[in-house]
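Engineer: Protein sequence lines, in the order shown, are assigned to chains U and G.
Numbering-wise (our numbering), the first sequence opens with residue 1 and increments by one.
Numbering-wise (our numbering), the second sequence opens with residue 1 and increments by one.
Check before you lean on any hint, since a few could be wrong.
[Unchecked claim] Below, a sample of chain U positions facing chain G; criterion: calculated Cβ distance under 8 angstroms:
#	residue
1	19
2	184
3	185
4	186
5	188
6	189
7	191
8	192
9	194
10	195
11	201
12	204
13	207
14	208
[Stated by the list, open to error] Far from chain G, by Cβ distances over 12 angstroms, these chain U residues were calculated:
#	residue
15	26
16	27
17	42
18	100
19	109
20	116
21	149
22	152
23	230
24	263
25	273
26	280
[What the hints assert, rightly or not] Label pairs and their in silico Cβ distance ranges:
#	chain 1	residue 1	chain 2	residue 2	range
27	U	45	G	124	32 to 42 angstroms
28	U	41	G	156	34 to 44 angstroms
29	G	125	U	108	29 to 39 angstroms
30	G	9	U	202	30 to 40 angstroms
31	U	197	G	14	17 to 27 angstroms
32	G	156	U	269	36 to 46 angstroms
Everything labelled a hint here was simulated from the structure, so no lab data went into it.
Quick caveat: nothing in here was measured; it's all calculated off a predicted structure.
All residues carry an ideal CB built from backbone N, CA and C; glycine is no exception.
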Amino acid sequence: MTARAEPAAQIAIAPHESLLGQAARRFVRHRLAMLGLAAILVIAVYAVVAPFLLQSPYKTDLRAIDKPPSAEHILGTDRSGRDVMARMSTGIRTSLIVGFGAVAIYLVIGTLIGLVGGFFGGALDQVLGRLTDTVLAIPTLLLIIVFVSVIGPSLISVIAVIGLLGWPQAARIVRGQILALREAEFISAARVVGLGNRRILGAHLLPNIIGPLTVVATFGVANAILLEAGLSFLGLGVQAPEPSLGNMILEARDGVVLKSLPWIWLPPGILISVTVLAVNFVGDGLRDALDPRSTRRL
Amino acid sequence: MTVLLEVRELSKHFTARGGLFRRAGAPVKAVDGVSFTLARGETLGLVGESGCGKSTLGRAILRLHEPTAGEVWLDGENVTALSGDALLEHRRCMQIIFQDPYASLNPRRTVAQAIREPLEVHRIGTPVERERRVDELLDVVGMRSSARNRYPHEFSGGQRQRIGIARALALDPALIVADEPVSALDVSVQSQVLNLIANLQRERGIAFLFISHDLAVIQHVSDVVAVMYLGRFVEMAPAAELYRRPRHPYTQALLSAVPQPDPARRAGRIVLQGDIPSPTDPPPGCPFHPRCPLAVDRCRGEVPALRAVAEGVSVACHLIE
Numbered sequence: 001m002t003a004r005a006e007p008a009a010q011i012a013i014a015p016h017e018s019l020l021g022q023a024a025r026r027f028v029r030h031r032l033a034m035l036g037l038a039a040i041l042v043i044a045v046y047a048v049v050a051p052f053l054l055q056s057p058y059k060t061d062l063r064a065i066d067k068p069p070s071a072e073h074i075l076g077t078d079r080s081g082r083d084v085m086a087r088m089s090t091g092i093r094t095s096l097i098v099g100f101g102a103v104a105i106y107l108v109i110g111t112l113i114g115l116v117g118g119f120f121g122g123a124l125d126q127v128l129g130r131l132t133d134t135v136l137a138i139p140t141l142l143l144i145i146v147f148v149s150v151i152g153p154s155l156i157s158v159i160a161v162i163g164l165l166g167w168p169q170a171a172r173i174v175r176g177q178i179l180a181l182r183e184a185e186f187i188s189a190a191r192v193v194g195l196g197n198r199r200i201l202g203a204h205l206l207p208n209i210i211g212p213l214t215v216v217a218t219f220g221v222a223n224a225i226l227l228e229a230g231l232s233f234l235g236l237g238v239q240a241p242e243p244s245l246g247n248m249i250l251e252a253r254d255g256v257v258l259k260s261l262p263w264i265w266l267p268p269g270i271l272i273s274v275t276v277l278a279v280n281f282v283g284d285g286l287r288d289a290l291d292p293r294s295t296r297r298l
Numbered sequence: 001m002t003v004l005l006e007v008r009e010l011s012k013h014f015t016a017r018g019g020l021f022r023r024a025g026a027p028v029k030a031v032d033g034v035s036f037t038l039a040r041g042e043t044l045g046l047v048g049e050s051g052c053g054k055s056t057l058g059r060a061i062l063r064l065h066e067p068t069a070g071e072v073w074l075d076g077e078n079v080t081a082l083s084g085d086a087l088l089e090h091r092r093c094m095q096i097i098f099q100d101p102y103a104s105l106n107p108r109r110t111v112a113q114a115i116r117e118p119l120e121v122h123r124i125g126t127p128v129e130r131e132r133r134v135d136e137l138l139d140v141v142g143m144r145s146s147a148r149n150r151y152p153h154e155f156s157g158g159q160r161q162r163i164g165i166a167r168a169l170a171l172d173p174a175l176i177v178a179d180e181p182v183s184a185l186d187v188s189v190q191s192q193v194l195n196l197i198a199n200l201q202r203e204r205g206i207a208f209l210f211i212s213h214d215l216a217v218i219q220h221v222s223d224v225v226a227v228m229y230l231g232r233f234v235e236m237a238p239a240a241e242l243y244r245r246p247r248h249p250y251t252q253a254l255l256s257a258v259p260q261p262d263p264a265r266r267a268g269r270i271v272l273q274g275d276i277p278s279p280t281d282p283p284p285g286c287p288f289h290p291r292c293p294l295a296v297d298r299c300r301g302e303v304p305a306l307r308a309v310a311e312g313v314s315v316a317c318h319l320i321e
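In isolation and in its complexed conformation, chain G is listed as follows:
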């Protein structure tokens, strides 16, 4: 499989802007030196607690946030270096599905307007062809074309999410960042939308960066899973491997928190102490050491690098060789 997306040492730091009479605060290191690659048509599941930088990473890749440092290569082109028309051209390849289907559609624009807009901006097809494409896309996401002249408020959350997916598909992107696409939906609707996404991926070979805090959802959709903590990857492994044999202590703690219906397989729950430290003032050494049950002296002083420890498995932990 060919590499579609390569992220190199990507960082995004937010600085509270100092005004005329205010001093700038310490930067929030939302994403701090993340590197990974994603093959064409594959799904990378990105999992982590709230505030660990998952969404920021996704948005920095799409240039919704300007990255502070690092590079994003998509299809052999350095996206971080593009601007103007070249960036516009490149946006065709990468789209996003948002978490909140109530906020991601403009309440004043009809379904057809929303789906047609990407085609208009990129001057694809004639007006008649665009109309046909809108109907086609609505059909693909399982909505009938009578929806086209309605407004978002006339639909349920799941239906709106389908409309959002249709909009993301309009440009035939190679990469879609799905930022918690089902966490705002009812469980029964979640599975419908997940199946829709899985079908689209199979039929169209779209690569997904699938962001979620739901480990079951991630397991269901991902080829590879990356676990994020405080703006960094702590472990990245093929999905089956990660769920069978979590290596990083944080991954182990996360997985032990998943409810296990079979009592025989129920292992001991690892309960972490404390909260995620503030990303304005991350602890020295391994960012996880204050909460890690296995932390040793070395963890307090030295930041562990993400190293390959087995075929396709990388872990950032001093204790794992």
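Isolated chain U, as found in the complex:
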């Protein structure tokens, strides 16, 4: 059949593209974000693959203590003769697990509290809002230190503590978005059709806040990684001999290490900075891609 003119139906000639497709295109064009994404991929591959290629991060070799980088130990060995490269790969894996794990926990809590408060409003919103303010007012690091010293430092407790304390920001953002969205006419339309609250929340409101949530999550991952490194550095996070970037840097408190054995503490320091920077770049890119109005040209 050849093309025929249909006046009322001659519509939407623009190629079909979903909002997600448009966002993906904008994201791909964001140079820093792509750079960040590439860096994260390389780091992730390193974290997953390195343990299979390198020697065990726990194996001590007393004949090879404090050795500078060489063919055998690419980044040298530490004070117990353990391979720095291998320890770092396990450390960054821990960092990523903490980052994503903690954010997953607080995203669920924050989204739930923000959704409920913003949607139902009233006294419930007041109570949840004050609860959010209260948790925000607590000096996080101090509480974490208390928390960890009570329940004991470990990978799980670090994830749990960051997850249980990090939600207020997510809750606030979700609540704000919901407050604006619930007055939208398409929500009224859903009500007139007869939709219940649950379906309005799940099918109409939640999909519209996925964008901002993704951005919150990305920056949250970067923060959680930094926080974990800080805790481990203070000895409150992952415990030796389990390697973590934080407790690897901790070795630099020894003046000898700091001055003459830089390969022990410099690589984990650089790796953590690069990781956090890359995650933040991706966050910037996501924000610009998902909300074109906020785009800042670099």
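Chain U is fixed; fit chain G onto it per the hints.
Structural biologist: Just chain G now, with coordinates in the frame of chain U:
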């Protein structure tokens, strides 16, 4: 013609909610004791300035706002008393077309999802039948079925309004509240959408509560016109009668503001002084008296009731017998 919709002394007052540390303010009387009836298949045009309560009235009838007082009877059933499943069941009979076609469709849901949703909620038909119904409805509003998997942002305002109309038609309602359905559209698109609505009404016998501030549009679509001022009806009359012989001073002023292309027929423009008073603090007596060129002492003290003054014509004014 049988009565489809009867509204009895409907009021909707908004109260600025007093929080834990705030005091509640004076209520805004957006709709204040409105009564009217609408026959099956007829169109009631509701006209008035911004903020006079037109949209609130429409939404209170649909239970999008809970009415403060009064009753809405649709098809012999008291809608204001319904809740739960009974209300859900009743929603099939009444739908809405919104003003802003950019806000009334969820940006994350495709056209087919939007039109199918009412059918899913009310468990009408099998999935296959629903798909067929979506195509059918798209055809009715003049869109091709290739639109079904696209998102709202891929369409123009007029096309989106057609999608909104298709959604409103999905449940075969007896009443549609059209809340300024064309005022956000270009003039050329306006007429297309108006004609679509007129055709649908003729073919399907749907009653419309057509809300607009555009007197020409109202004249074009309405059987009966009601003029609203500060939450009340001031005049209600058959469209032809109202435009030929406006009785209430406010209606006269409104009609005199319509541009008249024929200079010979151009009557004197009645220019009102001042603004609509605040609905939190309406003036005593006739709400229109502060701006009325004909106001007398009685208007300042006594609220005029809406009374029948001729066949089908009701006016709320002390000066008209």
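Engineer: For which of the previously enumerated hints does the structure constitute a violation, in increasing order of number?
Structural biologist: 11, 27, 32
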